[in-house]
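K.L.:
The residues making up each chain are set out below.
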Amino acid sequence: MNAPAPLKAKDFETDQTVRWCPGCGDYAILKSVQSVFPSLGIPRENFVVVSGIGCAARFPYYMNTFGFHTIHGRAPAIATGIKVANPELSVWVASGDGDSLSIGGNHFIHTLRRNVGLKHLMFNNRIYGLTKGQVSPTSERGKRTKSSPWGSVDAPFNPFQVALGAGATFVARGIDVQAPMLRAVLGRAAQHEGTAFVEILQNCNIFNDGAWKSLTEKDVRAECQLLLEHGKPMIFGKDQDKGLRLNGLSLEVINLADHDESEVLVHDETNLNLAWLLAQMQAPAFPTPVGVIRAVEAPTHEAQLTAQLEHAVENKGKGSLHDLLNAGDTWTV
Amino acid sequence: MNAPAPLKAKDFETDQTVRWCPGCGDYAILKSVQSVFPSLGIPRENFVVVSGIGCAARFPYYMNTFGFHTIHGRAPAIATGIKVANPELSVWVASGDGDSLSIGGNHFIHTLRRNVGLKHLMFNNRIYGLTKGQVSPTSERGKRTKSSPWGSVDAPFNPFQVALGAGATFVARGIDVQAPMLRAVLGRAAQHEGTAFVEILQNCNIFNDGAWKSLTEKDVRAECQLLLEHGKPMIFGKDQDKGLRLNGLSLEVINLADHDESEVLVHDETNLNLAWLLAQMQAPAFPTPVGVIRAVEAPTHEAQLTAQLEHAVENKGKGSLHDLLNAGDTWTV
Amino acid sequence: MSTTARPPEGAAPPTSLSRVTLRFAGDSGDGIQVTGSQFTSTSALAGNDIASLPDFPAEIRAPRGTLAGVSGFQLQFSAEDIFTPGDLLDALVAFNPAALKANLEDLKTGGVLIVNVDEFGDRDLTKAGYEANPLEDASLSGYRLFKVPITTLTRRALEELELPTKSVDLCRNFFALGMAYWLYERDPEPTRQWISTKFAKKPKVVEANHLALKAGIAYCDATEAFQERYVVAPAEVKPGKYRNVNGNAALAMGLVAAAERSGKKLFYGSYPITPASDILHELSACRHFGVTTFQAEDEIAAVAAAIGASFAGNLGVTGTSGPGMALKAEAMGLAVTAELPLVIVDIQRGGPSTGLPTKTEQADLLQALYGRNSESPVAILAPATPADCFHLAYEACRLSMQHVVPVVLLSDGYLANGAEPWLIPKVEELPDIDIQHPGPEAAEGGFHPYARDEKLARPWAIPGVAGLEHRIGGIEKANVTGHVNYDPNNHHEMCLLRQEKVDRMVDQVPATELYGDAEGELLVLGWGSTWGALRSAVMQAQDEGQKVSHAHVRSLSPLPADLGDLLGAFERVLIPEINLGQLSMLVRARFLIDAFGLNEVRGKPYTSTRVYQAICDTLEQPAPGRA
Amino acid sequence: MSTTARPPEGAAPPTSLSRVTLRFAGDSGDGIQVTGSQFTSTSALAGNDIASLPDFPAEIRAPRGTLAGVSGFQLQFSAEDIFTPGDLLDALVAFNPAALKANLEDLKTGGVLIVNVDEFGDRDLTKAGYEANPLEDASLSGYRLFKVPITTLTRRALEELELPTKSVDLCRNFFALGMAYWLYERDPEPTRQWISTKFAKKPKVVEANHLALKAGIAYCDATEAFQERYVVAPAEVKPGKYRNVNGNAALAMGLVAAAERSGKKLFYGSYPITPASDILHELSACRHFGVTTFQAEDEIAAVAAAIGASFAGNLGVTGTSGPGMALKAEAMGLAVTAELPLVIVDIQRGGPSTGLPTKTEQADLLQALYGRNSESPVAILAPATPADCFHLAYEACRLSMQHVVPVVLLSDGYLANGAEPWLIPKVEELPDIDIQHPGPEAAEGGFHPYARDEKLARPWAIPGVAGLEHRIGGIEKANVTGHVNYDPNNHHEMCLLRQEKVDRMVDQVPATELYGDAEGELLVLGWGSTWGALRSAVMQAQDEGQKVSHAHVRSLSPLPADLGDLLGAFERVLIPEINLGQLSMLVRARFLIDAFGLNEVRGKPYTSTRVYQAICDTLEQPAPGRA
Ligand SMILES: Cc1ncc(C[n+]2csc(CCOP(=O)(O)OP(=O)(O)O)c2C)c(N)n1
Ligand SMILES: Cc1ncc(C[n+]2csc(CCOP(=O)(O)OP(=O)(O)O)c2C)c(N)n1
Ligand code: SF4
Ligand code: SF4
Ligand SMILES: [Mg+2]
Ligand SMILES: [Mg+2]
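Order-wise, the sequence lines are chains L, G, C and W.
Counting with the numbering used here, you get residues 217 to 549 for the letters of the first sequence.
Counting with the numbering used here, you get residues 217 to 549 for the letters of the second sequence.
Counting with the numbering used here, you get residues 197 to 823 for the letters of the third sequence.
Counting with the numbering used here, you get residues 197 to 823 for the letters of the fourth sequence.
Treat the hints with caution; some may be incorrect.
[Said to hold, decoys possible] Calculated Cβ distances over 10 Å to all of chain L for the following chain C residues:
(1) R257
(2) R340
(3) A481
(4) L693
[Stated by the list, open to error] Keeping only pairs whose Cα atoms sit at most 25 Å apart, straight-line, the calculated PhoX-like set for lysine-lysine is:
(5) G:K348 x W:K410
(6) C:K434 x C:K362
(7) G:K359 x W:K323
(8) C:K622 x G:K534
(9) G:K534 x C:K461
(10) L:K532 x W:K410
(11) C:K398 x C:K343
(12) G:K226 x W:K394
(13) C:K800 x L:K226
(14) L:K359 x C:K410
(15) C:K410 x L:K429
(16) G:K532 x C:K622
(17) L:K348 x C:K622
(18) G:K359 x W:K394
(19) G:K359 x L:K532
(20) G:K247 x W:K323
(21) C:K400 x G:K532
(22) W:K461 x L:K532
(23) L:K359 x C:K397
(24) C:K362 x C:K343
(25) G:K532 x C:K394
(26) W:K410 x W:K394
[As the list claims (entries may be wrong)] Here are the in silico distance ranges between beta carbons for each label pair:
(27) C:E696 x W:E332: 33 to 39 Å
(28) L:G533 x W:L357: 44 to 50 Å
(29) G:V529 x C:L693: 41 to 47 Å
(30) L:D227 x C:G225: 30 to 36 Å
Please keep in mind that the hints were generated in silico from the structure rather than gathered at the bench.
Note that CB positions come from ideal geometry on N, CA and C, so glycine has one too.
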């Protein structure tokens, strides 16, 4: 085969009209993904985008790859089958907060436990978009929606804590409207061998407009976000004047005017306990961490399975159907 | 009503023959539960024991309370309906590791998120007992079972980490064969208002005999278990000669011969990050923590719902069916 | 009131019509649903019989101006009894080219067609997929086309308010409504009042919409454009107090009513899904009725929690649509064998799988009957009209609690969103729902959770009652004692008992109403939301002297006791359903009748025209022999 | 070999029998299954036709000596063709009082009854629920009772080995087997060899078991207890190589064979559930065949992963029992509309809900057909015998991949565990499974994922092939292009196409084999595991001159093309099934035939006696008229 022409973002667009509400954050995510895919050195035909149901889950229709828009919550399980069947494929799950964490919560945690080589992108708009505005498992307590007109009584999940609790090997956060950062995060996810969980903060301008505004508006970003970089001190603020410090078992924000930079904790993607602390950081006391919170290599489900298949052949010889059928006590008449 | 005669363990026995394998750890758990229930000051008719399917899930049949042996994995959801319908009831879920964490994983994490007032007892034998010995989500990697004759390829869940990740307000561990400790843990769970998750290490002598032997055998207990007590330093060992110390973001075991007791970390049931660290402690480097790892009060689902129901009546007046039917534009012919 | 849609003195007298079918169509942001509802209410107040149906786009907010974004609202108003929102349109108001394109095929030749010409720019046409402007070629010559610059006129009318253009344009729908009121001589006052109440907190908006409405009427008064006006006289309807109600709202009220009348707390466990979500929304607002709604993590948890609530003595209800129903299957089986009250609401939609979520279908009947492992019988009711959703929801709760058995309520997307006038029942006239929970006295001599009364119902004994402690579960139980039991004969007996329990509910099924003679050449048999189309079509056939009758089954399990005889009295039976023949199969199997089917699965209700045609076709078929 | 079960010279000649039904019963720890299997293998080697059935207790390890803990193994061996493990027992070996109590009612009057008297102590009797010792009153007088102190004799025989008593007692089953070998003149050599191989690493155990076996034979030789011996001559069976196989093992091999022969990788996604788990176990051992087994977190993930694997080009299979099948419903609907190959194995068990997990039933047929939202057709095959599980598993895979359609394989607990001799097929004689995935050339001119061939199958295009990138999903798709499509006519067409695709598979259904004349007074129609009982009963009726024939449906969807004509040629049709009339309903609805049913749901197979009786009863009924 000739070396194929290098792929461009356009190669990943389909001829289907994109059907999200004008202004929806999903458009920006789509653009970012379309611009990252060609850079990965993977032939287009080796991408598979799998989704459940929801606005987010419309994603595969707009990606010119192999795609499967499945049923609500089951995308990780279907994607697992795809990846195990053919580990060569680059398998991406596009899913909403409801799809991933409500109906799909069990598959979500088990995929993480097994460390199947999927990139799980969760578009978190803290609402059910497609069904027109019900409370989601990431909606804040007290939230009034169509299904909670008196206010939601439940605490939301912290998606990172759920993922870490399930044994996630890669956890990261991006934001719909911050394309360069999102692209970087997606690039990292693509490289990860096991399950890469990426939470993408996404605005649903129809049913939950401004859910992330307090940290995504241009003028507050620097103060409200902490961009994590492995091996770098965790410093943020418009003037890079604040940092994170460990105090016993908790994190605290220090002002670099009063403290030395050496007190600032250095980000370590491989430290599970640090990831756990970072996962909990919430406004207003803390900036929201973005970028890669955790990344460790661990054996993937499919790699171990493949090894086992090979080992079995080494051990027992390639299975012979004739022998299988003729095994056990036989007799001839 | 006359003050009823105080209840005895015997009052909680049923006339049904107990049908576990001789030697099964479930017998001891049953005994402990039967001995704790009468001490709780709750009338017998206010107990409901709910279970899914599995050996563990046979539990309700042997408890002379209201009981519901439901379907595989769904006990927490059914129990939620019971508790919400009647918050006066003391609702207990008896469930296996497969029932809770495999098929029932989603209900498990959502119950914890909502903090529904249930006591969720998970009998962890690291195997599927009832179906005769397949790998469970708590089985160790490499485990050979009927369904994994070549060794399991997946990492197990750490049930505590899963629970903490889901927002658990009460997390504790007991052991089938250590009745006094188990009874104490159950007593604490009974007092907790929200979801109380209790992992009970249980021996399945038929399909996974000795799974916990390395820490439950009488002569190793002191060295291999750390009994947690709120406000007390975390010290263990036959001679109470070892303690836990914080080193950066990790725990380490120190020998009190070489260190002062003041260095030893004091257990704090309300510290989520400490709970996270304790949850990860594993043999051989660490003792297994037993007792109450975490206990914090937080609003329960049903209490908030009840408040909302009351608030609504205050706010809108008790609903009138006539008004409801006659609402909106009406006309008379 | 100076502004009125009444004719100016001296104008030509309006043409009198017995019924009109009208549709508003535009972008989902155009306020189509409000416009339609207002016309509906006004017509109801004017005494017409009415039936209406919204048509939502499948996307939340498809791009403006595209076909995918078209929203519609159709209503029929009439001087006679009507049963459907109408087949072909007498008039269509199209707010943009996409709306025109999507709806034109339903407009009668010669029908009134009002378009907002301001929206027919080149880009608008392209978005709608028009290559040429239909307003400028001959393609609309078959209709009475009125090209009105609605945007311009509205803006002009609201000039003085100095509102931002965006806000002004939001009033265009009232301009159009004004025109429609003029055309059909409707009193705009109720709408004026509605506007005043609705936007009470925003006086500017009130004023703007009032002005737009008035301008629409004034435009018609002033221009010569519309030469004709129409009146539809009030219908003769049963006296009483009415409101317009859609199926989902009616269903939700039926549940609340049953809870109130039985003194039970309603527990509604659900997971959002189109087109059932509105029931969750309606009930969530009913906290002051003591209604508990539980938005579960999935459909399985929703039904499971409802089962738990039932076990604890609430009226446990769960609601969903087809795909969610599939997920509930295993737990429904538990409710069957646990023999607990449980109402399962399925608002059917287009399938299989995700299918056509916003479209209607009647293809979950066999799923409701057989969609569980093993012999797992439930009762099944299916409302025939939006208002009937109230009555059958109420009945489902009553039966479920009194017979201690799961009951499925099969509505569909068409009933859910379709609306009709509802003669509001008096609370005290609703059937009694007497519920008996055994008290502590039942413990005497030993409590038997699977003892049965003459209905074969077992006692609904709830936790908290001393002495009634007992265990139930999904494993087979001994009859009477309820203990786990593996005895072969007991199992067989229990399987038969569970079926017999449902079968005995036939006593509770009213005699089948027959519309037309009790014998004849053809019986049209239906169930569910096709009722209106079937009734209209049969009326038409009867008017033309055909020996055709109509019967509609509201209890699908058990089937009415009289059904066999009824069917047997006709030479042919035609069963139209929006599926590939599900009731047909049940009827054929049970009564060995070679029934004809009308089976089109197009995601939309049958028109009465289509059913009428099927009637004619069937009458031309030789009558099949009988077994 | 000095030890033999052959008669000593000069002994009375043995009675010759054409067939014998024998059951071993004891505690689950007693080695009953091994004993039974050994007798089965030996009889097979001796040339008999055989059929066997284990009966496991519902509990894992119920307390020793209780009724709940009784394990059984029944086999029939014969000099003629046989089709079931037999109805009533000619001989029963009961290892303890509970085993006696649980099994006695199946023993023929006059049958041989061997009991281990050592186990009839007072405590043992109480545990089994006996108030008095049945060996000491007259209650067993109707049988040929042999009271053998098996425990004592085994201990004595093994004395010299100085093993712990516990180990010695584990050999008692071989003592009993030795007795049975003596009684039926069986050669113990194969069992001796089996013991040697099985316990090769434990020579002491080998020796102990050899001694026990020998002692059992010697005991019979020595005592006068058994006056009679029996021989069952070899049957005339088709020549070839045989093995004994149970349904689940056969099924698993069928899947592996289909994967091998089609060159596909087998992906088996499953969640353990009785009685389907053994398929997972069997396949998990097949890693060296490249078989991937995926023990999922639940049944939904299991089917979902199998669908994903199919999409990626594997042979995706999922297996479960009824409750798990219910959970898979929604995902099966996805496979239907996505039009992917998928084999869904349902090993039916007693229901509803958890029901009777270890017992058999045939009540998931309607669930398989209709247990999903909307019109969601699948193909359904049901094997008739344990060995047939191999062939239909193979066929299900072939059809699913070639027609690109989900296929359900309905086995049951009886087939799963029941065993029969299987004429091992030659690998090269298995039907070809030619699978075509479109290659890059299919991209030319635009790839159409929902274009169809003459079977209406769409191309199975798998990821990794350049140019074939396409999207599929659960929303309705346009035919040919596969794009999301809401058009009403397309939806109707697609609903019909999906059904028609399954209907056209009728070409692949072989003509129905009729046992008996092609017309007559009664056709006995069955499906699934009742085959043996039906065939035996029909043979009996035919032997008695009745005009009765037997037909057995192996393809339930589509039904065989010739079925209607076949049924029409008989005056009456009787459909025995272990449910309340599921195939009956299909047949009645489709053919308008007033079929009789035999519908007993006892968690166990019909005996041929029961079926024979139903045949007689039906023949006495007036023949129903015909439509
Ligand atoms: C089995 C099933 N249950 C429910 C639904 C209805 N449904 C579709 S999407 C959705 C949730 C959407 O929320 P989320 O996953 O957050 O995605 P978003 O639309 O916000 O992107 C629901 C409840 C469904 N399609 N299938
Ligand atoms: C829907 C469904 N799937 C599968 C099963 C089979 N099953 C019963 S119990 C069980 C797992 C038992 O393991 P666990 O929950 O750990 O309980 P244990 O028996 O070990 O106490 C399984 C898979 C079932 N009954 N229902
Ligand atoms: S509803 Fe919200 S999430 Fe869905 S497309 Fe519209 S803006 Fe986006
Ligand atoms: S199988 Fe294991 S868990 Fe189950 S009853 Fe027996 S010993 Fe206990
Ligand atoms: Mg969302
Ligand atoms: Mg277990």
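K.L.:
For each hint, tell me whether it holds in the structure or not.
P.N.:
Results of checking the hints against the structure:
1. For R257 of chain C, the condition that its CB be more than 10 Å from all CB atoms of chain L is violated, with the nearest at approximately 3 Å.
2. At roughly 33 Å from the closest C-beta of chain L, the C-beta of R340 of chain C stays outside 10 Å, upholding its exclusion from the interface.
3. Not every CB of chain L lies more than 10 Å from the CB of A481 of chain C, the least distance being 5 Å, so the non-interface label is violated.
4. For L693 of chain C, the condition that its CB be more than 10 Å from all CB atoms of chain L holds, with the nearest at approximately 35 Å.
5. Taken as a hint, the K348 of chain G and K410 of chain W pair is broken in the structure, with Cα atoms around 33 Å apart against an allowance of 25 Å.
6. For a cut-off of 25 Å, the pair hint linking K434 of chain C to K362 of chain C is broken: about 45 Å separates their Cα positions.
7. Annotation: proposed proximity of K359 of chain G to K323 of chain W is violated, straight-line Cα distance about 37 Å (limit 25 Å).
8. The straight-line distance between the Cα atoms of K622 of chain C and K534 of chain G is roughly 19 Å, inside the 25 Å bound, and the hint therefore holds.
9. Pair hint K534 of chain G plus K461 of chain C holds up; C-alpha atoms about 13 Å apart against a cutoff of 25 Å.
10. Only pairs whose Cα atoms come within 25 Å are accepted, and K532 of chain L paired with K410 of chain W is rejected, the gap being roughly 36 Å.
11. Proposed proximity of K398 of chain C and K343 of chain C is contradicted: the alpha carbons are some 32 Å apart, above 25 Å.
12. Note on K226 of chain G and K394 of chain W: the hinted pairing is violated, with a Cα-Cα distance of about 48 Å set against a maximum of 25 Å.
13. Distance hint between K800 of chain C and K226 of chain L is unfulfilled; the C-alpha atoms sit about 38 Å from each other, more than 25 Å.
14. Between K359 of chain L and K410 of chain C the CA atoms are separated by roughly 39 Å; this puts the pair beyond 25 Å, and the hint is violated.
15. Distance check on the hinted pair: K410 of chain C and K429 of chain L sit about 41 Å apart at the alpha-carbon level, beyond 25 Å; violated.
16. Restraint check for K532 of chain G and K622 of chain C: the C-alpha separation of about 22 Å stays at or below 25 Å, so the hint holds.
17. Under the criterion of a C-alpha separation no larger than 25 Å, the hint pairing K348 of chain L with K622 of chain C is inconsistent with the structure, at around 34 Å.
18. Under the criterion of a C-alpha separation no larger than 25 Å, the hint pairing K359 of chain G with K394 of chain W is consistent with the structure, at around 24 Å.
19. In summary, the hint linking K359 of chain G to K532 of chain L is supported, as the alpha carbons are separated by about 20 Å, within the 25 Å threshold.
20. Taking the CA atoms of K247 of chain G and K323 of chain W, the gap is about 22 Å. The hint holds against a cut of 25 Å.
21. A hinted pair counts as satisfied when its Cα atoms are at most 25 Å apart, and K400 of chain C with K532 of chain G does not qualify at roughly 28 Å.
22. Between K461 of chain W and K532 of chain L, the direct Cα distance comes to roughly 18 Å. Compliance with the 25 Å bound is thereby established for this hinted pair.
23. A threshold of 25 Å between alpha carbons decides the hint, and for K359 of chain L with K397 of chain C the separation of about 23 Å falls inside it, so the pair holds.
24. For the hint linking K362 of chain C to K343 of chain C, the alpha-carbon distance of about 22 Å falls within 25 Å, and the restraint holds.
25. Our distance criterion of 25 Å between C-alpha atoms is met by K532 of chain G and K394 of chain C, whose separation comes to about 19 Å.
26. Only pairs whose Cα atoms come within 25 Å are accepted, and K410 of chain W paired with K394 of chain W is accepted, the gap being roughly 18 Å.
27. The hint said 33 to 39 Å for the Cβ distance between E696 of chain C and E332 of chain W, and at roughly 44 Å that hint is violated.
28. Between G533 of chain L and L357 of chain W, the C-beta spacing of about 38 Å breaks the proposed range 44 to 50 Å.
29. Range check, V529 of chain G to L693 of chain C: about 42 Å between beta-carbon atoms, so the 41 to 47 Å window is met.
30. In this structure the supplied range 30 to 36 Å holds for D227 of chain L paired with G225 of chain C, their Cβ-Cβ distance being about 34 Å.
Violation of the numbered hints given earlier is confined to hints 1, 3, 5, 6, 7, 10, 11, 12, 13, 14, 15, 17, 21, 27, 28; the remaining hints are satisfied by the structure.
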